[in-house]
Each structure stands twice: as C-alpha cells, then as structure tokens.
Amino acid sequence: MYQRISNFLIEHAQTIFGEQISPSLIQLSPTKKEQTGDITLVVFPFVKILKTSPVDAGQKIGDALSNEFREIASFEVINGFLNLILSDDYWMNELNRISTAQHFGKAVSNSKPTVMVEYSSPNTNKPLHLGHLRNIFLGHSVSRILEFAGHEVIKTQVINDRGIHICKSMLAWEKFSPLNSSGERETPQNTGLKGDKLVGKYYVEFDKQLNAEVKNIIGNWENGQFEHDHQEIKLKFLELSNAKIDKDEKVLSAIDDKIKDLAKSQSTLMREAKEMLLRWEARDPQTYLLWTTMNGWVYEGFDRTYQRMGVEFDKLYYESDTFLLGKDQVLKGLNSGIFFKKDDGSVWIDLTDEGLDEKLVLRSDGTAVYMTQDIGTAIERFEDFSNLSGIVYTVGNEQDYHFKVLFLILEKLGFSWAQNCYHLSYGMVDLPSGKMKSREGTVVDADDLMQEVVEKATEMTKERGHLDGLDEEEKLNLYEQIGLGGLKYYLIKVDPKKRMLFNPEESIELNGNTGPFLQYTHARICSLLKKAEPNRQNVQFGEVNLLDEEKEVVKNLIQFPLMVQEAAASYSPALLANYTYELVKSFNHFYQAVKILSEENVKTKEMRLVLAETVGGVLKDALYLMGINAPTRM
RNA sequence: GGUCCCGUAGCUCAGCUGGAUAGAGCAACUGCCUUCUAAGCAGUAGGUCUUUGGUUCGAAUCCAAACGGGAUCACCA
104 MYQRISNFLI EHAQTIFGEQ ISPSLIQLSP TKKEQTGDIT LVVFPFVKIL
154 KTSPVDAGQK IGDALSNEFR EIASFEVING FLNLILSDDY WMNELNRIST
204 AQHFGKAVSN SKPTVMVEYS SPNTNKPLHL GHLRNIFLGH SVSRILEFAG
254 HEVIKTQVIN DRGIHICKSM LAWEKFSPLN SSGERETPQN TGLKGDKLVG
304 KYYVEFDKQL NAEVKNIIGN WENGQFEHDH QEIKLKFLEL SNAKIDKDEK
354 VLSAIDDKIK DLAKSQSTLM REAKEMLLRW EARDPQTYLL WTTMNGWVYE
404 GFDRTYQRMG VEFDKLYYES DTFLLGKDQV LKGLNSGIFF KKDDGSVWID
454 LTDEGLDEKL VLRSDGTAVY MTQDIGTAIE RFEDFSNLSG IVYTVGNEQD
504 YHFKVLFLIL EKLGFSWAQN CYHLSYGMVD LPSGKMKSRE GTVVDADDLM
554 QEVVEKATEM TKERGHLDGL DEEEKLNLYE QIGLGGLKYY LIKVDPKKRM
604 LFNPEESIEL NGNTGPFLQY THARICSLLK KAEPNRQNVQ FGEVNLLDEE
654 KEVVKNLIQF PLMVQEAAAS YSPALLANYT YELVKSFNHF YQAVKILSEE
704 NVKTKEMRLV LAETVGGVLK DALYLMGINA PTRM
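Start counting the first sequence at 104; every next residue gets the next number (our numbering).
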C-alpha cells in the first residue's frame with residue numbers, strides 16, 4: 104500500500120503539485136498510536152511546492168489519494184500530517200493474503216546470492232564461555248535470517264587448533280596430570296570430565312604453575328641472583344626496577360607487567376611450551392599424537408555444547424590446515440607492488456593513504472601472521488565455493504581494525520568480492536561485576552550457564568503446572584526449549600554492535616520482554632486452536648467490522664516481510680526481536696480484550712481464529728529465525 | 001597521542017535514512033482469574049535524550065567541539 108501511494112504521487116505529481124517531485128519528499132509511515140489513522144504522510148515537504156498552508160496542502164493530497172484508492176476510507180489533516188484511514192475491507196484482504204501464505208515473508212529459496220557466515224571460531228585450549236554464546240547465537244540467527252530472505256547460506260567456523268596456547272594445555276597435561284592406579288594420566292574417560300573442560304583445566308594449570316615460577320624468578324632477581332649470570336636480563340630488570348621509583352600506581356603496574364613478561368620469557372615452562380610448538384611445526388610424531396588426542400577431547404566437548412545450543416555448521420576450517428595459506432598471495436602482491444619489503448625482510452602494506460597505519464603481512468623470517476592466514480583463508484573459501492558472493496565474519500569488535508585492513512588488502516589484491524565481505528562486529532558482554540577476565544576467574548562458562556538457565560526454567564514451569572498429559576521426555580524437552588529460548592533472546596535482542604550487560608537474574612526471567620513470553624504466547628495460540636480450528640469457509644472477508652485491537656495485529660503482521668529484509672540487510676536479529684515483541688504485545692492485547700471461542704457471531708469468531716492462527720505462524724517463523732523453538736504447550 | 005564505537009527513566013534497552021506529546025521491560029504502586037493458558041492484560045509514577053554550539057519550518061536523530069566510558073594501534077591470535 105505504501106508503495107502504491109508513493110508511486111501514485113510520483114506519477115501524478117504534475118497534476119497534483121504542478122511539477123515533478125523527488126521520491127525522497129514522500130515520507131510515509133504508520134500513524135502514531137495516539138492519533139486516528141493508519142498511514143501518515145508528512146505534508147511539510149509539499150507546502151513550499153504548493154505554496155499554501157499545510158492544512159490546504161494536506162487536504163489537496165488527501166483528496167487526490169482517496170479518489171484514486173478505494174482502500175482509503177477517509178483522511179484527516181492535523182498539524183501538517185495527513186493521516187489516511189484505510190477501510191476494513193483493506194485489512195481483511197491483507198489478513199486473507201497473509202493467512203493463506205505458506206511461510207509469509209519468506210523469499211524464494213536461493214533466489215539471492217550465496218553467502219558464507221562464519222561464527223564461533225573457538226580456540227581448542229579452553230571451553231566456550233558467555234562471549235561465545237553471544238557470538239554463536241548472533242551468527243546462527245543471522246544465517247537463518249539470510250536464508251529466509253532468499254540467500255543460500257553456508258555456515259562455517261574456523262577452529263583455532265594450533266599455536267602456543269594449545270601447547271600450554273598439552274605441556275601442562277604432560278607435566279602435571281596425576282597418574283591413576285592403572286598408571287594413566289587424566290582423560291575424559293577416566294575422570295568423566297567433558298573433554299574441553301579437562302583441557303581447559305590444564306590450560307589454567309599451566310598459567311598457575313607459570314605464575315609460581317615467575318614469582319620465584321622475580322624473587323631471585325630482587326636478591327641479585329641471575330641464572331647463568333645473564334647480564335642482558337640483569338640490565339633490563341634493573342632498568343625496569345629503577346623506572347618504578349616515584350611513579351604513580353598506574354605506571355607502576357604497567358612496569359610490573361613488563362617485569363613479569365621478562366620473567367616469563369626466562370621461565371622453563373614458557374621455554375618448554377615454545378619448544379613444543381617447534382616440535383609440532385616439525386610434525387614430531389609424539390607431539391602430533393598428543394595434539395590430536397587432546398583436540399579430539401575438545402571437539403567431543405564442543406559437539407555436545409553446540410548440540411545443546413541447537414546450532415550447526417556446514418563446513419569447518421581448521422587453522423592447522425590454513426595457517427600456511429596466504430604466503431603466495433603476499434608474494435604475488437609484493438611483485439605487483441601492493442606490498443613492500445623492509446630491510447629486515449619483513450613484508451608490509453602501507454595504508455597511510457587510507458588513514459590507517461602500515462601493517463605487517465609477513466614476518467622477517469618469512470612466516471605467516473594472522474593477517475596472512477586470513478587473506479589466504481578468504482581466497483580459499485571462494486575457491487571452495489565457486490558460487491560464493493560474500494562472507495560475513497561474526498567476530499567481536501576488538502577486531503574492527505583487523506577486518507578493516509583485511510578487506511582493504513583483499514580489495515587491493517584485486518578481489519572484487521572483497522566488498523561483499525562484512526565484519527559482523529558485536530560488543531563485549533560485561534557482567535554486573537565488570538569485565539569477564541579469565542585471569543580473575545570471572546568467566547561465565549557456556550555449559551554451566553545453559554544448565555543453570557534450564558534448571559530455572561524447569562523450576563518455574565513446574566510451579567505454573569500446565570503440563571498435564573505430557574510424558575517425562577516431552578517435559579524435559581520443554582524445559583530445555585524454554586531455558587535456552589530465554590537465554591538466546593536475551594543475548595540477541597540487544598543491538599549487536601553495542602556492548603551489553605549480562606545480568607544473570609534477568610536472563611532467566613520469564614516475564615516482560617523475554618523469550619519465554621514470546622513462547623508462551625505461541626503456546627497459548629496453539630491451545631486456542633486445538634479447541635477450535637478456524638473454518639475458512641465461514642469467513643466472508645467483506646462482511647466483518649474490525650476492532651482497533653484486531654487492526655493493530657494485522658498492521659504488525661504486514662510488517663513482517665519488511666522486518667526480515669531489514670534484519671537481513673543490517674545483519675541484526677535485534678530488529679527482528681523487537682518486532683516480534685511488538686507483534687506479540689498487540690496480540691496479547693487483542694486476546695485479552697475480546698472473546699474468541701465464545702463469540703456468537705460466526706463470521707467474527709472465524710476471523711479471530713484466522714487472526715490467531717496467522718500470528719501463531721508468523722511468531723513461529725520469527726522465533727525460528729532467532730534460533731528459538733516454539734513450544735505448543737507450556 | 002592517532003583511529004573507531006558508545007552516552008536516552010533508578011536499572012537494562014528500543015527509537016537514530018530529521019517530523020506530532022521521546023517508548024518498552026525490570027524494579028515500585030493500583031486494579032483484573034466461577035469466562036479461550038494471569039509466563040497475561042489494564043493503569044499510576046518515573047526524562048535538562050551527557051554538555052555546548054551549528055544546520056532548518058522542525059534535532060534524541062545530521063555536523064562540530066567538550067566531557068565521560070570502551071576498544072584498537074604487536075614480527076600475538
């Protein structure tokens with residue numbers, strides 16, 4: 104309707120306004136709730152053209168529109184706004200159109216370009232945490248939204264399965280794992296621990312042991328004892344220590360950190376970890392076996408976590424396969440003059456013209472850095488999938504700079520698809536106590552959180568007691584859906600790019616703007632429809648008068664396809680979440696205000712049932728797009 | 001210091017391609033279950049939209065500066 108009005112005004116501009124008008128002058132929007140009307144046109148832009156008062160201008164446009172469109176029953180001009188009132192007929196036709204659609208708002212599958220969505224991308228040295236949850240739910244939801252909007256979507260993740268951090272866990276396990284009676288070190292099998300948890304435990308253990316050693320080393324240094332009488336280290340230490348004199352706290356702690364780094368570099372543990380990394384890179388069989396084994400434990404653990412989350416991937420990339428990629432590209436770029444070489448042999452790109460800095464793309468020893476790898480991986484992906492048009496990277500905003508540079512480099516290397524690559528950047532998740540810090544043990548574990556949320560859902564659902572006739576398995580399934588639905592919605596409803604606060608109590612709340620509230624409404628509708636299926640034959644769409652409550656719901660329903668498009672275009676499930684909440688609120692308002700089953704007028708009753716059914720369908724799809732299940736009872 | 005992001009009710013967030021009296025939820029207070037699931041609905045209260053300038057018919061929204069918070073600027077990933 105908006106489109107039709109807009110088109111009409113443009114096409115007949117000459118007769119209405121006496122001149123051609125720019126489409127940007129036409130501002131159509133839903134009328135504010137406080138005002139009567141359905142569609143509002145802002146009249147101000149036309150006042151100058153028509154050289155009359157806002158009232159006369161509005162009157163003139165209103166006349167023209169209501170003559171043209173029989174759907175416009177009447178109109179009002181108030182304060183420079185033209186409020187169009189649409190006929191019941193129009194709303195009934197819209198309801199009819201929406202209710203008979205298969206998946207209203209869903210574009211034809213694969214009618215839009217293929218995109219790859221990357222999310223999760225964990226390290227294999229520790230379990231997933233709250234930050235990953237935001238990342239994963241966000242990326243997963245965006246995948247579904249893009250798919251619904253017509254794209255073919257390939258869901259992927261890069262698993263950071265190599266590097267010094269992995270070696271730390273491996274080394275700690277080798278050194279510090281106790282032996283059991285059969286002489287075995289700890290494994291998921293003999294401890295019952297989830298694989299990623301076990302490996303994470305040894306990562307923490309490494310840190311603990313390292314800190315102890317570091318403390319020891321610094322103690323020795325302070326007493327003037329330097330291993331092998333190492334002069335260089337001694338000088339550095341003394342220099343740093345002297346720098347501490349007369350400094351304030353902030354500078355002091357920065358210097359202390361530097362001293363710690365110095366001590367770490369001299370520690371046995373760090374040295375051993377680095378040696379292990381070298382052995383790994385040399386493909387030492389024993390190291391490789393250990394690495395494969397421990398990563399295997401982690402994958403098993405991750406699989407269980409992903410499964411509970413209800414997310415999946417189509418294609419996995421492993422850093423151990425890709426970390427050598429990109430070097431050729433850099434050398435090619437070097438030849439074509441995009442990169443340049445410094446005296447020490449390191450390769451850089453100069454981005455100062457773009458307002459950025461110089462950026463390293465290859466170390467002086469010829470080895471790859473993160474950037475090198477990402478260049479290679481991106482190119483490989485486009486080779487793997489010949490119909491790929493772009494990549495969406497779901498990665499935290501601390502890497503904004505990295506991706507800015509990455510996309511620029513890819514563009515300079517001549518890959519036209521670089522402009523279809525998008526960094527879906529999201530803000531950090533803070534706790535009421537402040538930032539999550541692994542060092543301070545304030546990290547919220549993903550499995551623990553999911554468990555907690557499901558337990559809470561269980562407790563509160565039992566309290567409500569609407570579950571007669573469900574068997575035990577169905578009940579457990581339901582608790583799971585409610586708990587996770589709440590958690591997902593909580594993390595998704597906030598604008599992705601904004602930093603957000605995670606309040607544990609609010610995340611398991613069932614009332615208000617929450618996942619369970621949306622699910623509850625769905626369950627309610629299902630329960631209603633179980634008692635009376637709408638019989639479409641009885642609905643004569645021309646003969647029913649609509650109440651405001653009903654019209655409001657239809658208005659919201661109409662918006663759904665538009666919201667999906669917007670959410671897809673801006674990669675923002677939050678838009679969809681807010682929309683869904685509005686839809687559900689208007690439905691509940693309607694549900695509470697009118698009778699349905701006991702309505703005596705058959706036509707009205709059937710219309711209301713159709714309305715409820717339609718909301719149920721759209722709601723189910725909307726929840727699906729957020730990765731949330733829609734229970735039929737709760 | 002350079003670059004980028006953010007600042008809206010006590011708290012958590014919408015609104016930001018300029019438009020009517022700035023909205024929700026939570027927390028507080030009042031009502032509504034012999035009637036379709038009260039995980040609901042209706043209502044009361046709560047605001048110098050960080051500040052100051054500018055752009056114009058009109059600014060929470062656009063521009064500039066200041067203040068406050070965060071991120072990033074590694075031969076780390």
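Watch out, some of these pointers could steer you wrong.
[To be verified] Heads up, simulated BS3-like pairs for lysine-lysine below, C-alpha to C-alpha not over 30 Å straight-line:
| # | residue 1 | residue 2 |
| --- | --- | --- |
| 1 | Lys163 | Lys318 |
| 2 | Lys540 | Lys578 |
| 3 | Lys633 | Lys654 |
| 4 | Lys135 | Lys163 |
| 5 | Lys723 | Lys135 |
| 6 | Lys300 | Lys540 |
| 7 | Lys515 | Lys430 |
[Stated by the list, open to error] Each pair of labels, with its calculated beta carbon distance range:
| # | residue 1 | residue 2 | range |
| --- | --- | --- | --- |
| 8 | Gln410 | Lys633 | 41 to 49 Å |
| 9 | Asn283 | Asp598 | 26 to 34 Å |
| 10 | Thr294 | Ala315 | 20 to 28 Å |
For the record, the hints were derived by calculation from the structure and aren't laboratory data. We put the CB at the ideal spot given by N, CA and C, even for glycine.
Hint check:
| no. | hint | verdict |
| --- | --- | --- |
| 1 | Lys163 - Lys318 | violated, 83 Å |
| 2 | Lys540 - Lys578 | violated, 36 Å |
| 3 | Lys633 - Lys654 | holds, 24 Å |
| 4 | Lys135 - Lys163 | holds, 22 Å |
| 5 | Lys723 - Lys135 | holds, 27 Å |
| 6 | Lys300 - Lys540 | holds, 17 Å |
| 7 | Lys515 - Lys430 | holds, 16 Å |
| 8 | Gln410 - Lys633: 41 to 49 Å | violated, 30 Å |
| 9 | Asn283 - Asp598: 26 to 34 Å | violated, 50 Å |
| 10 | Thr294 - Ala315: 20 to 28 Å | holds, 24 Å |
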